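Peer 1: Letter by letter, the chains look like this.
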Amino acid sequence: MEKKSPIISIKNLHFTYPDGTVALKGVNLTIQEGESIALVGKNGSGKSTLIKHLNGIYQGDRGEITVDGLPVIEENLQTIRGLIGMAFQDPDNQLFCPTVYDDVAFGPINMDVDEMALHKRVQESLEKMGLMDLADCPSHNLSFGQQKRAAMATILSMRPKIMIFDEPTSNLDPKNEAVITEIIANLPYTRILISHDLPILYQVCQKVVVMDDGRIDAIMSMEDFITNRQLLRKNGLDFTFKCDCCNGHNHEHRHNQIEKKSLSF
Amino acid sequence: MKPDIDRYWRLESPIHSWDPRLKILTLIILAFSISSVHHISTAFGCLFISILILQLTKIPFSFSLKRLAAVTMFVGPFFLIMPLTVKAQSGDTIYFFTHLKFLEINTRGLLLAARVYLKAVSIVLLTVPMFGTNRFDISIKALERLKVPNSIIQMLLFSYRYIFVFLSELKRMSLAMKLRKFSPATNFHTLRTYGNFLGTLLVRSFERTEEVYHAMLSRGYKGILKIRFEYRAKAADFFKSSLIFMAIFGIIYFDRFFKGF
Ligand SMILES: Nc1ncnc2c1ncn2[C@@H]1O[C@H](COP(=O)(O)OP(=O)(O)O)[C@@H](O)[C@H]1O
Ligand SMILES: [Mg+2]
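Chains A and B, in that order, are what the protein sequence lines are. To convert, note that position 60 of the first sequence is 60 in the numbering used here; the numbers rise steadily by one, no gaps. To convert, note that position 57 of the second sequence is 322 in the numbering used here; the numbers rise steadily by one, no gaps.
Source of the hints: derived by calculation from the structure; they are not laboratory data. Given the structure is predicted, the values throughout are model-derived calculations rather than measurements. Be aware that a few hints might be false.
On the chain A side, residues computed to face chain B include the following (Cβ under 8 Å) [as the list claims (entries may be wrong)]: (1) 52; (2) 78; (3) 82; (4) 86; (5) 92; (6) 93; (7) 96; (8) 98; (9) 106; (10) 109; (11) 110; (12) 111; (13) 154.
Estimated spans, in silico, between C-beta atoms of each pair [said to hold, decoys possible]: (14) A:73 to B:416: 23 to 33 Å; (15) B:435 to A:16: 28 to 38 Å; (16) A:64 to B:277: 53 to 63 Å; (17) B:456 to A:64: 50 to 60 Å; (18) B:501 to A:137: 24 to 34 Å; (19) B:269 to A:16: 36 to 46 Å; (20) A:236 to B:455: 30 to 40 Å; (21) B:495 to A:20: 44 to 54 Å; (22) A:224 to B:495: 51 to 61 Å; (23) B:495 to A:5: 42 to 52 Å; (24) B:438 to A:182: 29 to 39 Å; (25) A:137 to B:488: 34 to 44 Å.
Below 20 Å or equal to it, Euclidean Cα-Cα: the simulated SDA-like pairs (lysine to any residue) are [unchecked claim]: (26) B:487 to A:109; (27) A:207 to A:224; (28) B:487 to A:71.
Glycine included, C-beta positions come from ideal geometry on N, C-alpha and C.
Produce the complete structure using the sequences and hints provided.
Peer 2: Given below as structure tokens:
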């Protein structure tokens, strides 16, 4: 389509865990700048493993990855990690500093952001996530919803080009879920979203990448995906289970659209 | 059950306002000089000094008392063992039972045990003013300024962090066990359940710490912890340190040259 080089390109990626589990069996994927990708698939299909290759936490046995034109190899890792903000599934694991403020500052400090700019970035990120009052709190004293938001602030402060979220709304109460969804939906970045929650995927992503058993099973538009009930069900995403969770969000017309399509089956 | 040594860091006291670097350095030297004490009377003096410093912090004494439980568990047995095992010297008083002649109780052993206990208590009490009067990370950062290697600093910081991982995993799992109506009894089933519990706890904690490490790498961590904190030592900080150094001098002098009691 476009002549521009892709922001992420994965070619024939294979990966085996040290214990012998073959987790990726030849993944090919290209993502353009500004795209929002829904990465779906059954548990254990390799989604989390795949995203950890993008910033070099794991290095494939075979294959090639480039991020923003840079091959993911040792000497580029620091630059690439500054380009990718990655929010892990369990926020408790993402918060390891003594206070929320320190956690939000951790990324920029590693990127050698200078003192003045650092403070501004941290303040901004905390403000965006509504955590100004909790800046000096130890993160283990926060509620789960607050931890999720704090974890998000820790990557906002890095000002990445690409943001990756692994199950951002799992185990959240409806109120925090709405807040997080809203924020992710409005971020001006290239986004990759792993989730079993169809409403959020639908609200954020235009493109769906389906993984199965360490391979990419299908790549399609969101419209095609949500009308393919069989595929939805196969990937544990049948929206009839989750329909009531759209209540209170400001996207009624989309919600209606989903329901209309569900009636046609 | 929280390992919150820094729970009272927000209080205000002369110890809290003391520059963390000078404070830690001075109190560590004090702790070493306490450990070198030979006379029980000096050991009592040390305990008095520790309690005095502790009182200055305004931290409730009950908080510090809890830390003594571990020392007592560790040193307590000395009171039983040392009177029975210390080699008799001239001038020792020895008690024995007429029917159990092999059981000789040497009162000097009791005195030795008391000295060890007093010194241990004095030192353990000092950890509260040392690390309980600043946020834990600031104390640790102070250690870095004192040229403690970065790898040790990180170990300290992360073991502190991992204690919370471990505890939250422990809480989650014991709740799950309660919900499934597990009630312990003296049988094989209970033993096996506890075994599984412990195994799972370790594996889960390990998996989680690995995930924490991945999250750190993702945010540009390169194996060196970059610490930004400005310490400023004022005249008052040096004054406080010199008071303690006078006490240290007093302890050593008294211990060497005072031959009384
Ligand atoms: N640390 C690990 N060691 C060994 N095998 C692992 C590890 N993490 C994940 N796996 C295995 O790799 C496969 C893919 O896992 P994962 O990427 O977590 O899937 P998903 O995120 O899609 O649920 C699964 O079979 C899983 O059991
Ligand atoms: Mg996963």
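Peer 1: Need the list of violated hint numbers for this structure, in ascending order.
Peer 2: When the structure is compared with the hints, only number 25 turns out to be violated.
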